[in-house]
Amino acid sequence: MTAAALGESARPARAAAGAATAPRSPERVADLSPRQMAARLESGQLLLRTGPFTLRLRSPLPQVAAGIARTYAAFPLAPLHGFADFHVAVLPDAGLRNWWRPQARFWLDGKASMPLAARQAFAMLEWGLNWCVASHAHQFLVIHAAVVERHGRALLLPAPSGAGKSTLCAALVQRGWRLLSDELALLDIASGQLLGMARPVNLKNDSIELIRRFAPEAAFSASVPDTIKGTVALMRAPDDAVRRMHEPAAPAWIVLPRWQPGAAARLQPQGAAQAFMLLAGQGFNYGVHGRNGFEALGRLIDRCTCLQFSYDTLDDALACLDQLAPGTAGGR
Amino acid sequence: MTTRQPKRPPLLIAVLREPGRVASLDAAQWDRLIREARVSHLPGRLAQLIDEAGLMASVPDGPRQHLQSAQRLVLQQRATVGREIGQIARALAGADVVADGGDAVDGFALLKGAAYVAAGLPLAGGRLFGDVDILVPKARLAAVESALLVGGWRSDKLDAYDQRYYRDWMHELPPMSHSLRGTAIDVHHTLLPPTARVRLNTPALFGRWRPVAAAEPGQRAAVYVLPPTDMLLHSASHLFHEGEFGHALRDLVDLDALLRHFAASDPGFWQALLPRADALGLRRPLFYALRYCRLLLGTPVPEPVRQALQAGAPSRPVIGLMDHCWLQVFQPRPSAEGGHAVAARLALYLRSHWLRMPTGLLLRHLARKAWRRIATELAPAEQPAATG
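Taken in sequence, the protein lines are chains A and B.
Counting from 1, one number per residue, gives the positions in the first sequence under my numbering.
Counting from 1001, one number per residue, gives the positions in the second sequence under my numbering.
Don't read these hints as lab results, they were simulated from the structure.
Cβ coordinates follow ideal geometry from the N, Cα and C atoms, glycine included.
Each hint should be verified, as a subset may be incorrect.
So the derived label-pair ranges between C-beta atoms look like this [claimed, not checked]: (1) A:Ala-222 x B:Ala-1370: 56 to 62 Å; (2) B:Ser-1146 x A:Ala-250: 52 to 58 Å; (3) A:Ser-223 x B:Asp-1159: 56 to 62 Å; (4) A:Ser-161 x B:Gly-1218: 54 to 60 Å; (5) B:Arg-1372 x A:Ser-43: 34 to 40 Å; (6) B:Asp-1162 x A:Asp-312: 48 to 54 Å.
Which stretches of chain A does chain B cover? Using the computed rule of at least three CB atoms under 8 Å from a CB of chain B, they are [as the list claims (entries may be wrong)]: (7) 74-85; (8) 153-164.
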């Protein structure tokens, strides 16, 4: 791979000296041409920042390149010879099966996941990255929850899969709330702040169409049918969220969502003890932190308003949640 | 004897030998070091060495998060193992006292990682754990298994072939895990398979145990660990006879840490080591253990011990072949393996099985395993447990 093919500045020394004709080093994924991006991705030289993590990505599969181009366009590139937290790859499987049913696997450091159908490769990358963070990032208390922020205050939506938190999260971030994550709340135990990654939001089945109609301007990766979760697509995070990915947020509300057909959107108080048990149950690495984790969770509950939330339509739901932190017209 | 070193020693091994080197690493080298440590199951050990050298604060933010994460894991697992040992001691309180070779045994001995924790060895501060391994006399095996079942443990492998494999031929019960806690236990009755070509002097294993917790009749069984020489020899025989090499470098690091610690804390250790190896029948694994610890990790081995081990050492061609295989297997490999490594691994895997059982048994066993692999390959694709 020549430096030019990868989009690297061929004369970094000249560029540093400020010569007017020297090419500028690409700063974001979108600064690379599709060919440059695919070339870097294929040779394992695509590095980007997602909040507190630097990822190094590799895949020869066009569906992965397409997914990244669509949903990671605004993400900052990281230096090739710098430190990466996770070297991950999505690689096609070799083997007999591949003749009639192409498969791919997610790789971290030479160890592979179970194979999935190759067309799910981009979704597999996202699931794999979530697994990497949840299994290794013990500098945080990692909780299975969506996190969004407004006016510096964070709203946590802890819930098991299927409770609608990703759908709500997608809708909120299209209406003035900043996305931190749709899956992983990263709690810094020392500071009590939440950190985010602004990675694409994972939507399934009917939610995909629902959000497309709710926010026609939102960008999606290609829908992939027949995953274990049904049809899956990834919604690109608003550029503002990506730009502010390093900004922490102070937790203010813990909201347990429940979709109830026909119900008017309603927030009701939730007992702190129950909220605690739910968060602990949704913790990925709660056990690793031992007593510190227990106390950190207690402090989190203490400083948050804990609420139950039932809703039917998205418009209703957002109008209700907006009252927690009234937005100004036109957002920030 | 020629020393066979790999062409470019991996960064991890260089840093394990000399932790001070981390002060001069650039970002790309840190990137490589952390990945090598992770695939070798050694991030905890690396973190411990860097901490002890007083260098943790100067590690750049990115890699430091990984090292400190590993330290948190180590602490949590150590606490878990400590509690688990207590649970096992309570469960085995009722199992009968049985005289074995004239010595009454009122408890069980811990092996490997759990033993390092119970004995308060420094290397426990850098190690990540899996199962708890215990040793009991064969005559007590049935009573121990019953007591564990009563205490809530269940046998993992239910396939009739696997059960027979363990019970008839191996040196341990099929692995068990606790139905509520999910913690795993391996119950050994000797250190090497009874079918092995190397005849381990099993009765000599008992009767020299060191107590770490006394028995409370009816409440808790006594908890022991092996004496330093036996702990070292077990670790050596485990590494150089087993067929799973995912933890090879980690096991070698354990050996190096044990040797350094016992050499410093136990005055008669070196003098006692070789005679004890002979008494147990474990001279050959000791030879390899000291050889590769010295070559790769720079472990200081006194000259008299090295000289004495030459007697009865393997022939030069054998040593050359073993060097080639083992030095491949000890390399940390963060990316997929090349052909050499795969061949080396296969050779050592076959060797371990050859050592483990007579040829007839071996052929039947390998055929059975091969059949199972093919059957799994052709089975419908399984669904993974994806997060979210």
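Right, here's what the structure says about each hint:
no.	hint	result
1	A:Ala-222 x B:Ala-1370: 56 to 62 Å	40 Å, violated
2	B:Ser-1146 x A:Ala-250: 52 to 58 Å	55 Å, holds
3	A:Ser-223 x B:Asp-1159: 56 to 62 Å	41 Å, violated
4	A:Ser-161 x B:Gly-1218: 54 to 60 Å	48 Å, violated
5	B:Arg-1372 x A:Ser-43: 34 to 40 Å	37 Å, holds
6	B:Asp-1162 x A:Asp-312: 48 to 54 Å	53 Å, holds
7	74-85	holds (count 6)
8	153-164	violated (count 1)
Hint check: violations occur at hints 1, 3, 4 and 8; the rest are consistent with the structure.
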